[in-house]
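Taking the hints into account, I'd like the entire structure generated from these sequences.
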Amino acid sequence: MTLVTSPEAREWWEAAKNRRLLVQSCRTCGHRQHYPRALCLRCGGVDLGWVEASGGGTIYSFTHSHRSPDPAAFEPPYTIAIVTLDEGPRLLTTVTGPGIRCDARVRLEWRAAEGGQNLPIFATEPEEG
Amino acid sequence: MTGREVAVVGVGESELGVTGCSIYQLQTQAARAALEDAGLRMSDVDGLATAGVERFSATAMAEYWGMRPAWVSSTMEGGSSFELMVGAGVDAIRSGRCRVVLISYGSNQRSAASRRLRGMVQPHTPADQYEAPYGVLSPLSLYAMAAQRHFHEYGTTGEQLAEVAAAAREWALLNPKAYRYGAGPITVDDVLSSPMISSPLHLLDCCLVVDGGGAVVLTSLDRARDLPKPPVRVLGCGQSVTHITMAQAPDLTRTGAVESGAAAFAEAGIGPEDVDAAEIYDSFTITVLLTLEALGFCGRGEGGPFVEGGRTRPGGAFPMNTNGGGLSYCHPGMYGVLLLVEAVRQLRGEAGDRQVPDPEIVLAHGTGGVLSSHGTVILGVDR
Ligand SMILES: [Zn+2]
Numbered sequence: 001m002t003l004v005t006s007p008e009a010r011e012w013w014e015a016a017k018n019r020r021l022l023v024q025s026c027r028t029c030g031h032r033q034h035y036p037r038a039l040c041l042r043c044g045g046v047d048l049g050w051v052e053a054s055g056g057g058t059i060y061s062f063t064h065s066h067r068s069p070d071p072a073a074f075e076p077p078y079t080i081a082i083v084t085l086d087e088g089p090r091l092l093t094t095v096t097g098p099g100i101r102c103d104a105r106v107r108l109e110w111r112a113a114e115g116g117q118n119l120p121i122f123a124t125e126p127e128e129g
Numbered sequence: 001m002t003g004r005e006v007a008v009v010g011v012g013e014s015e016l017g018v019t020g021c022s023i024y025q026l027q028t029q030a031a032r033a034a035l036e037d038a039g040l041r042m043s044d045v046d047g048l049a050t051a052g053v054e055r056f057s058a059t060a061m062a063e064y065w066g067m068r069p070a071w072v073s074s075t076m077e078g079g080s081s082f083e084l085m086v087g088a089g090v091d092a093i094r095s096g097r098c099r100v101v102l103i104s105y106g107s108n109q110r111s112a113a114s115r116r117l118r119g120m121v122q123p124h125t126p127a128d129q130y131e132a133p134y135g136v137l138s139p140l141s142l143y144a145m146a147a148q149r150h151f152h153e154y155g156t157t158g159e160q161l162a163e164v165a166a167a168a169r170e171w172a173l174l175n176p177k178a179y180r181y182g183a184g185p186i187t188v189d190d191v192l193s194s195p196m197i198s199s200p201l202h203l204l205d206c207c208l209v210v211d212g213g214g215a216v217v218l219t220s221l222d223r224a225r226d227l228p229k230p231p232v233r234v235l236g237c238g239q240s241v242t243h244i245t246m247a248q249a250p251d252l253t254r255t256g257a258v259e260s261g262a263a264a265f266a267e268a269g270i271g272p273e274d275v276d277a278a279e280i281y282d283s284f285t286i287t288v289l290l291t292l293e294a295l296g297f298c299g300r301g302e303g304g305p306f307v308e309g310g311r312t313r314p315g316g317a318f319p320m321n322t323n324g325g326g327l328s329y330c331h332p333g334m335y336g337v338l339l340l341v342e343a344v345r346q347l348r349g350e351a352g353d354r355q356v357p358d359p360e361i362v363l364a365h366g367t368g369g370v371l372s373s374h375g376t377v378i379l380g381v382d383r
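Chains A and B supply the protein sequences, listed in that same order.
Quick note: the first sequence uses the numbering used here, first residue 1, plus one each step.
Quick note: the second sequence uses the numbering used here, first residue 1, plus one each step.
Honestly, I wouldn't trust all of these hints.
[Claimed, not checked] Residues from chain B shown here face chain A by an in silico Cβ test under 10 Å; the list is partial:
#1 Arg118
#2 Pro126
#3 Ala127
#4 Leu142
#5 Met145
#6 Met196
#7 Thr245
Hint data in this document are derived by calculation from the structure and do not stem from the laboratory.
In this text, a Cβ means the ideal position worked out from N, Cα and C, and glycines have one as well.
So, in structure tokens, the structure goes:
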């Protein structure tokens, strides 16, 4: 899978290479958003920076996929999920571990990708009690 | 007021199923059938709307048919494209830009084996940059996640989703054009025991992948009254878009059909309770539950219980997807034009064994992309 890096996300991918998950942050109004864009979705401002995500989040939804676009790369069944970061934005990712369900807590992990790149993935946290 | 009203005056289908035809052949079959139904000729068409041919879809079909239309639309919003084209076509006729609009579509995706699980490769898009690296299947993965979230929030069950597929099959058994006509009924258990494709969606929760095409002809209501078939009035249209990248969906259990439906009902001056039959985009069974809720046919989260008890089956209180739907009749990649064809046939009383008794108002709702794009069209008999 060839990864694509758009100019507005160069720093995001560079940080991912170093296993740091960035969230774009508006210096004018403080809004946080993912994916990185050329303007703030709340105030329309263009003075944008980054904050590092804490790595915590919850599963918004998920699916166990039994079909694959490329079985060599994604051997079914594999999981696709949308995770809501504690910082607010959501991203599409995969989740590993037991107890995958909606609203379950997850922690950031990383998966090595081609060209020394890393992809943010998540793992479920052990259930309390 | 009738001077500003627009009507559907012709509808038609191409060959459906596994045709061995080109896109252009299927488009031609559908367009000719709709124009013949309207009592019009290709040379009467001065407005052309189509999608899914190439980047310049309307221009491409105009060239193929030797047309020089005064107005075109190649609006490409997936399955909702044709509902959006009705709205645009109504505006074009009202404003005098053109007089006869042909909306057409054809796909040979089955014969050409052109459908890809992954979806289209568009490397410059956020979807390809941030989501494709996880092995996402588009649109399947998003609909599966919407279903999962609906289960979680509202206790919706696989049995309730399966009822949508079983009801669609029952309608298809009444429609000789349906791909599954003659295939026999399916039960809720059949759906649940079909292979899991992307949890919680099973194979029979997913639409057909076949060839097909359809076309619709619009003109002013005044002119429509001089044509052979009874006019079907366009009472209201609405559209809405929410996202195209999966994780950008604002809410997996509340779709843009809330806004498109509200706009269409407001224009028509009616409410959901006035609708006699509904043709609801059924790319997947979950699409139907979400759309029924968003359009206000039931409350939020109540789609599962709403379809229980055979309510949407032939003879039920809420006739829905009366041609057999994308699940059992035909799904040629972008199914929205065929929703309009069926709505018109029901209003004209031309639906044969599957005819709903004397409907006066039928709603068609198209859904494109990954719950991305929504078009609602409300049609009514000319009284
Ligand atoms: Zn801002």
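So, going through the hints one by one against the coordinates:
no.: 1; hint: Arg118; in the structure: holds (4 Å)
no.: 2; hint: Pro126; in the structure: holds (5 Å)
no.: 3; hint: Ala127; in the structure: holds (9 Å)
no.: 4; hint: Leu142; in the structure: holds (9 Å)
no.: 5; hint: Met145; in the structure: holds (4 Å)
no.: 6; hint: Met196; in the structure: holds (5 Å)
no.: 7; hint: Thr245; in the structure: holds (7 Å)
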